[in-house]
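Novice: The chain contents come next:
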Amino acid sequence: MQIILPDRSTRQLDCGTLPIEEILHRFGINPVSVIVTRNGRLVPETAYAEEDDEIRIIRVAHGG
Amino acid sequence: MLTPDSRDVRCTSTPCSEPAVIRLRDSGQYLCSTHCIRHVENLFSRTVEDQRMIAPGDRIAVALSGGKDSTALLLLLHAALPAWPGVTLIAVTVDEGIAGYRDETIGAAVELTVRLGVEHHIVSFASLFGGDLDVLLKGRESRSCTVCGILRRRALATAARQAGATRIAIGHNLDDEAQTVLMNLLRGDFPHLVQDAASGEPECFIPRIKPLAWLSEREIVTYLILTGNYRELPECPYTGFALRSEVRAMLTGLEFRHPGTMKNLIRSRDTIRQHTPRASGVGSVQRCRECGEHCSGEICQVCRILGRPG
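For the record, the sequence lines run as chains A and B. All residue numbers for the first sequence refer to my numbering, where the first residue is 1 and numbers rise by one. All residue numbers for the second sequence refer to my numbering, where the first residue is 1 and numbers rise by one.
Derived from the structure by calculation, the hints contain no laboratory data. From the three backbone atoms N, C-alpha and C, an ideal C-beta is built for every residue, glycine too. Some hints could be false.
[Said to hold, decoys possible] If we take Cβ atoms under 10 Å as the criterion, some of the chain B residues that face chain A in the derived model are: (1) Val21; (2) Glu177; (3) Val221; (4) Ile225; (5) Glu232; (6) Leu243; (7) Glu246; (8) Thr252; (9) Lys263; (10) Gly292; (11) Glu293.
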């Protein structure tokens, strides 16, 4: 699956099906500080992601 | 392989089985897009009503940076206007003069006020204080948020007063409020911990209301995305210098492991406020010897920052 990180860089993850919370954990991201879309749709971090999905992580904590 | 439908977590509102877009970590609720929007609007309305933030005939100056929180604040206040007789809104944007950052957010603020038909005032540090923040901060970048905050509060109050506002609405959210409580505790700043700017005391200050104080950053960003009002904007380049970023990281960690931590911090502050005599907060108010503005000492903080002679 393709992961788009908050800084807009992308990573490829080959790991089968797993909860989005686990993906965040692997990238050292606290779920409280982000929201996530799966294939363009907002989903809770407890939703699952699969091989063909595009997961986008948007940081909500913002200075300014 | 799972089908997309079976993978979706469902909204736990009754009766509803739409796909959830957010989990509220402290209550454990899952909300679909319709119920998430309703939840944000209800929490906003309840905060305004419970704390009697708005009175008939009020002229509310909304502090509009153009960022996510102030955008949500203006949208929610504007949508609620028909329910408040005689209440009017204006938006005030402060241009601190931060290169590579502020131009884009001001553009977003202008677009929003034009779309909503809200009167918009823009004031700048350059016109009020004789220089952009970038210039005023030279050599004291580590105090950037403190300096900027003091000057921005003065700019906002000046613009609101000139526009005849009776309230100033600020887009501080739950995360901001919890961070502020913890920062005041860490600094040992008891007067600011118990000071309630919404009370309108001392009388010389325009009351500052915070209708988003019980909404988390996640709820606000989700609301903006769901209503088609989210846009990615640059981050303030001075953010990394601030104590606030350390406190933010600490609190999001605590909130993850112990959901409800941020709300509990605010409740604790409110309890302390209730048990604290009003005089323990701000000191006696007098006029600054240099600029004549209200302040608690002989020279106000703005004049000290600007290096005006004391």
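Novice: Against each hint, give a clear statement of whether it holds in the structure.
Specialist: Okay, the hints, checked on the actual structure:
| no. | hint | in the structure |
| --- | --- | --- |
| 1 | Val21 | 4 Å, holds |
| 2 | Glu177 | 14 Å, violated |
| 3 | Val221 | 4 Å, holds |
| 4 | Ile225 | 6 Å, holds |
| 5 | Glu232 | 8 Å, holds |
| 6 | Leu243 | 12 Å, violated |
| 7 | Glu246 | 12 Å, violated |
| 8 | Thr252 | 4 Å, holds |
| 9 | Lys263 | 13 Å, violated |
| 10 | Gly292 | 31 Å, violated |
| 11 | Glu293 | 25 Å, violated |
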